[in-house]
Structures are given as C-alpha cells and as structure tokens.
Amino acid sequence: MSVEQMTTTGVPAEPYVTADGRQIGNVLMEMKNITLRFGGVVAISDISFDIREGEIRAIIGPNGAGKSSMLNVISGFYVPTEGEVWFRGSKRPQMKPYQVAQQGLARTFQNIALFKGMSTLDNIMTGRMTRMKTNMLQQAMWWGKAQKEEGEHREAVEKIIDFLEIQAIRKTPVGRLPYGLQKRVELGRALAAEPDILLLDEPMAGMNVEEKEDMSRFILDVNDEFGTTIALIEHDMGVVMDLSDRVVVMDYGRKIGDGTPDEVRNNQEVIDAYLGVEHD
Amino acid sequence: MFYREAGDFHTTYKDDNQTFPIKFDRIRYYVVLAVAFGVIPFLINDYWANAVFVPFLIYAIAAIGLNILTGYCGQVSLGTGGFMAVGAYACYKLMTAFPEVSIVFHLIGAGFVTAGVGVLFGLPSLRIKGFYLAVATLAAQFFLVWLFNKVPWFYNYSASGQINAPERTVFGMAVTGPNTEAWAKYMICLVFLTVLAWIARNLTRGTVGRSWMAIRDMDIAAEIIGVNPLRAKLTAFAVSSFFVGIAGALFFSVYLGAVEVGEAFGINKSFLVLFMIIIGGLGSIFGSLAGAAFLVLLPVLLKNILVGGLGWPIDIAAHMELIIVGGLIVVFLIAEPHGLAQLWKIGKEKLRLWPFPH
Ligand SMILES: Nc1ncnc2c1ncn2[C@@H]1O[C@H](COP(=O)(O)OP(=O)(O)OP(=O)(O)O)[C@@H](O)[C@H]1O
Ligand SMILES: [Mg+2]
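Which chain is which? The protein sequence lines are U and V, in order. Positions 1 to 280 (UniProt numbering) are the ones given, in order, by the first sequence. Positions 1 to 358 (UniProt numbering) are the ones given, in order, by the second sequence.
If you're looking for bench data, these hints aren't it; they were derived computationally from the structure. Hints should not be assumed to be uniformly reliable.
[To be verified] When the alpha-carbon atoms are kept at most 30 Å apart in a straight line, the in silico DSS-like pairs for lysine-lysine are as follows:
1) Lys-133/U to Lys-148/U
2) Lys-129/V to Lys-116/U
3) Lys-129/V to Lys-133/U
4) Lys-32/U to Lys-96/U
5) Lys-23/V to Lys-145/U
6) Lys-171/U to Lys-23/V
7) Lys-116/U to Lys-150/V
8) Lys-303/V to Lys-116/U
9) Lys-116/U to Lys-91/U
10) Lys-345/V to Lys-159/U
11) Lys-23/V to Lys-345/V
12) Lys-350/V to Lys-171/U
13) Lys-148/U to Lys-159/U
14) Lys-348/V to Lys-23/V
15) Lys-116/U to Lys-350/V
16) Lys-212/U to Lys-171/U
17) Lys-133/U to Lys-145/U
18) Lys-348/V to Lys-171/U
19) Lys-348/V to Lys-116/U
20) Lys-350/V to Lys-23/V
21) Lys-171/U to Lys-150/V
22) Lys-171/U to Lys-145/U
23) Lys-116/U to Lys-133/U
24) Lys-96/U to Lys-129/V
25) Lys-116/U to Lys-32/U
26) Lys-171/U to Lys-148/U
27) Lys-350/V to Lys-148/U
28) Lys-23/V to Lys-148/U
29) Lys-91/U to Lys-159/U
30) Lys-23/V to Lys-159/U
31) Lys-133/U to Lys-96/U
All values reported here derive from a predicted model rather than from experimental measurement.
With the sequences and hints as input, model every part of the structure.
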C-alpha cells in the first residue's frame, strides 16, 4: 500500500477490516493536525484521527485530557489554533455552530444543556430546527403549510419519544426531571435532527448501572437502526469496550493511542496513562 | 366535576396541540370572546372605556409585545416607552401624509416602522446580554424621546410640539378625534388585540417560538442544534416592536388623541409594561393580559375604595398603589417568576385532580 492511500492516522483511506474482524467504512470526517490553545494552555496538541461511516468511535482519556475540547472543535464551537477539519472529502471552512448543525451534526453536552423552561416535547421539537422550512408569516397565520409541517415533525418526534421510552414525561418541563431522564431527553433532542454524525459527551456520566445499560442499548440501537455514525466520550472502560468499534486515547492534549478496543487496551502508553505513570 | 380531560380524547397531534386542550377552557374562551364582542360594546360608556377597557386593551398589546422579547426570548428591554413613541409618531406621520388611506393601514404601518426601528436597536443584543442589554435599551428609550422632541419634522412643525390625532373613520364611524364614541374606541382596540394575540399565540407555539425560548433558556445549546442566534434575536425584536408600535399608535390616536412625547411615552411607561409582564407572567400570552388588567384596574380600584369609600386623600392612595405594586413585583420575582398565569395554571391543575389530589 502506497503512502498516498494512507490517511493521517496511519490506517487505509479505503474501507478495511480490523484484526478482530470489524468492518470499517469510508472516512466521513477527518481531523488533521488539530492544535487548540487557550492562552498558555495547550488543550489539544497536533491530533489527527478520522471518524468512519457507521462506526461508534470512542474518545477516552483522563480528566483534562482535552476530549471535550476536541468535541467542541468538531461541532464548530471552538476554532482550532492550527489544523483542519475535513467532512465528506472536503475541507470545512470556518463555520458557526448552527451552520455545522445544518451540515448534519448533532451533539449532547457533558453538563446537560437542555432548555429548562420547555417541555420534553418542545425540547425534542427544537432539535428538528434545521429541518423546519416554513417562514414566519406562514407560522403567524398557522394555516396550511405551518400546521402541516408542525404535524409531520410532531410525528417524527413521537417516534423518538417511543424509541427512548419517555412517553410519560412528554409534557413535563425538563427542569423537573431527574438527571438520568434529562440525559435521555438530551439524546432525544440530538436524534431529532436525524444527524449523520452524533457526538455524545459522557452520555452515561453520573448514571447508575441500570441507567447505563439503558443508555448503552439506545446508543447501539441508534447506530444499528438508523446507521448513525457516533463519536462518544466515556470514562467507564467497560462501556467503551462494549460499545465502540474504534477508540482514540488522549492524554494531556496528545493522542497516545488509536485502534480497536483490544489494540488500545494492550497499548503500553495507554496503560501507563491510566495507571498514572510519571510523565517526562 | 366537568373540568377533566377524561372523555375528551385527542386522536391527532393537531388536536393535542391546540391552545385550550380541555373542553371547558375552550368553551370559556368562546364565552369571553362573545361577551367582549357582543355584550360590552352595548353597555360601555365613556368612563368605563377611558378608565378601564381601552387602556387595558392597548396595554395588553404592548405587554404581549414585550413578553415576546423578554419572556419568550429572554432579552430584557427598558425601551418599551420609546418604541411606543415610534409607533405613535409613525402613525401620526402616516395619518397626516396619507389622509385618504384607512387608519387601519396607518396603525399596521406604524407597527412595521417600529419593527424596523426595533431591529436596529436590537443589533447590540448579538454582542451584549442581560444587564448591559437592558442599559442599551434604556439608552434607546431616552434617545427616542429626545429625538421626537428635538426634530420638528416629527410633529409637523406644530407650535405646541405636540401631535394631535385628526378624525379618522372605519366603516363610517369615527375612531379617532373628539367625536369618537366610547364603543368605537373599544371596538377598534379589541379587534387589534384579538388578532394580535392570536398571531402571538401562533408564533410562540411554532418553530419561531421554540427558537426564541431556546435562546432564552440556553443560547449555546440553541446554536449547536441549529438555531441562528442572530435571526432568533432579531425576529424577536421585530415582532415585539411591531406589537409595541401598534400599541403606541393606538395609545396616541384612539386613547389620548393628543400626545406630548416625554409625558406619554417616558421611562415610566417602559417600567409599567415591564411590571405588567412580571406580575402577569413571563413567557405567557395569557399572563400578558392578566398583568395588563391587573395594573390598569389596581389604581381604579384603589381610588374608588380608598378615596371614594374611605375618604383617604388622593396622594396617599397613589402612594399606596406604588407600595402594592412594588411589593408584588418583589414577591413575584422571588416566589413565582411565571406570575399570575402560573398561579392560574396551578389552580386549574388542582381543580383537574380535585377531589382526589393523588
Ligand atoms: N474555554 C476554555 N478556556 C480555557 N481553558 C480551557 C477551556 N476549555 C478547556 N480548557 C482547558 O483545556 C484542557 C482540556 O479540557 P477538556 O474539558 O477538553 O478536558 P476533558 O478531557 O473533557 O476532561 P473531563 O474528562 O474532565 O471532561 C483543560 O486543561 C481545561 O482547563
Ligand atoms: Mg470533558
């Protein structure tokens, strides 16, 4: 295989099969030499990796490794100091977050960022924002198109509500929901956009075992049933090993591992980082 | 007994999404409309029109307008008085420049002019938030009043510096000018309020409304799920100012007839409308109406009870009003930010479950 065919991450640009037999698809998104500095703090230093169509890609690493910062770069919330983001084979120009969303990217946040004053239903309906087409005049009159559109989107949202098993809290203001359910509603809001790539920042943080199992099931189902590509940050190694097709490991802003869960688990540098070996 | 969803099944999402999902509420709403349009116009006299109904209807429009901006979109404005003045002066200029056109179009036109001005003053909201935005709108308030005082073109170079509404008719009935009947004033304001409240309700339950509320609740998350913050904020400023502008135009042309800008549309007006939505309920159309009704009725009641009934001096009654309003603002801000509307809702919720609250 020639060098040109390799991506920046050292794996083939074409679909390939991993050592443990996983099908890895085409490159959907690629981070090329991303560096992100905040004044003197280097949150990300020269990291490259790709996200392939249909996979579940995990990003792991100790606290402060720069994982959330990476997600913020991908979703257009931070502008990288250096480096490029490529999406569907072309370099992404600098974009506002809402423009990135319109390209088919949705996400959840490490600290839940729901619209507290709105109901579960309205939160998830808002997730379909990028797909709403009627203008303000039509909505002001609430006839014809606006009403029809609202109905159609409501139907799509009800499917998500059924899928996530949150029918009972449809009309409850989300501020009143327990933590675990809020996380679920936030997933619902991201799903409502029917994104091509779904970014999840610690979707299971602070959950009990049962809630984690539910959430894992939802994530796998989304990936299976809708073919959605998922990139997620998670601290629970058991969950990561079960869910993900490939894993990126970060430590102090650097990438120290990239591969299948097995490869990563056996990587000496990763073991050191997690066992807290002194850095030089 | 009758206040139940039971037996009132919603089989479509459209049904489930209507304004009054419970039948009893729906019926009561039609009864209120029927009384407002079919009964009151025949009973109303000058006192009731000028002291209660006309100011209530006009303030309700302004309160809905401010509530769209502040309650729904989370952008605090202290410039309501100034924007009402824009509506009033726009209406005056249109009335005098195009006397052959119906006043209805002048009023709507005044709304559009105010919407444009609102967008202009809304531009800083993209950069500044909260307290600083409030200060910026306060600056707009003072600037606009100063402008209408300073530039004679706005008051057609009249010697007094005031603007006076000439007589205009709708379907042959005078609605402005000294010969206007009480019921005609009432009717034109009622029609405007009904249509505008309906539009506000439609906007706030749809996509635009959700984009406003998303910006209010968490602007970062809103942007990341695809809400364009520039668009959301500026549409809120535009729609809000449209409502406030029409309220100002009605206040000038139908209610007062003659206006001196600093007196009619000063900073006090901004606070009055703000208090209406705080007491009535932020983010609620019904709350806007309730707040407007409350603050219009309160001084009338106090005057009748304290001055008329108990024989208190007028100035003490006026101070009493300030104390009550001030106290209520504090109570609502601390205990119930969703105002009277929320109390009403909680009451209904209790009633829905009564007599078995669990
Ligand atoms: N907006 C910011 N301004 C300044 N420094 C920042 C900012 N965001 C992140 N950082 C810094 O960048 C580094 C990486 O933070 P980041 O939140 O990406 O870590 P993380 O891997 O998500 O950690 P955790 O597991 O705790 O969520 C930290 O040192 C953090 O203090
Ligand atoms: Mg993080």
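Right, here's what the structure says about each hint:
1. Lys-133/U to Lys-148/U: Between Lys-133/U and Lys-148/U the Cα gap is close to 11 Å, so the pair holds against 30 Å.
2. Lys-129/V to Lys-116/U: holds (19 Å)
3. Lys-129/V to Lys-133/U: holds (29 Å)
4. Lys-32/U to Lys-96/U: Status holds; Cα separation ~19 Å.
5. Lys-23/V to Lys-145/U: Measuring from Cα to Cα gives roughly 26 Å; hence the hint holds.
6. Lys-171/U to Lys-23/V: holds (18 Å)
7. Lys-116/U to Lys-150/V: Violated: Lys-116/U and Lys-150/V sit about 45 Å apart, past 30 Å.
8. Lys-303/V to Lys-116/U: violated (41 Å)
9. Lys-116/U to Lys-91/U: violated (36 Å)
10. Lys-345/V to Lys-159/U: Within the cut-off at roughly 29 Å; holds.
11. Lys-23/V to Lys-345/V: Given pair Lys-23/V, Lys-345/V holds - Cα atoms ~15 Å apart, limit 30 Å.
12. Lys-350/V to Lys-171/U: Cα-Cα ~17 Å, so holds.
13. Lys-148/U to Lys-159/U: Holds: Lys-148/U and Lys-159/U sit about 17 Å apart, inside 30 Å.
14. Lys-348/V to Lys-23/V: Given that 30 Å is the threshold and the Cα spacing comes to 13 Å, the pair holds.
15. Lys-116/U to Lys-350/V: holds (23 Å)
16. Lys-212/U to Lys-171/U: Holds, at about 24 Å.
17. Lys-133/U to Lys-145/U: holds (9 Å)
18. Lys-348/V to Lys-171/U: holds (16 Å)
19. Lys-348/V to Lys-116/U: holds (22 Å)
20. Lys-350/V to Lys-23/V: holds (17 Å)
21. Lys-171/U to Lys-150/V: violated (52 Å)
22. Lys-171/U to Lys-145/U: Given pair Lys-171/U, Lys-145/U holds - Cα atoms ~24 Å apart, limit 30 Å.
23. Lys-116/U to Lys-133/U: holds (25 Å)
24. Lys-96/U to Lys-129/V: holds (19 Å)
25. Lys-116/U to Lys-32/U: Violated. Lys-116/U to Lys-32/U sits at ~36 Å, over the 30 Å cutoff.
26. Lys-171/U to Lys-148/U: The given pair, whose Cα atoms are some 21 Å apart, holds under the 30 Å limit.
27. Lys-350/V to Lys-148/U: Distance of about 34 Å is beyond 30 Å: violated.
28. Lys-23/V to Lys-148/U: Given that 30 Å is the threshold and the Cα spacing comes to 23 Å, the pair holds.
29. Lys-91/U to Lys-159/U: Given pair Lys-91/U, Lys-159/U is violated - Cα atoms ~34 Å apart, limit 30 Å.
30. Lys-23/V to Lys-159/U: holds (27 Å)
31. Lys-133/U to Lys-96/U: OK: Lys-133/U and Lys-96/U at ~20 Å, within 30 Å.
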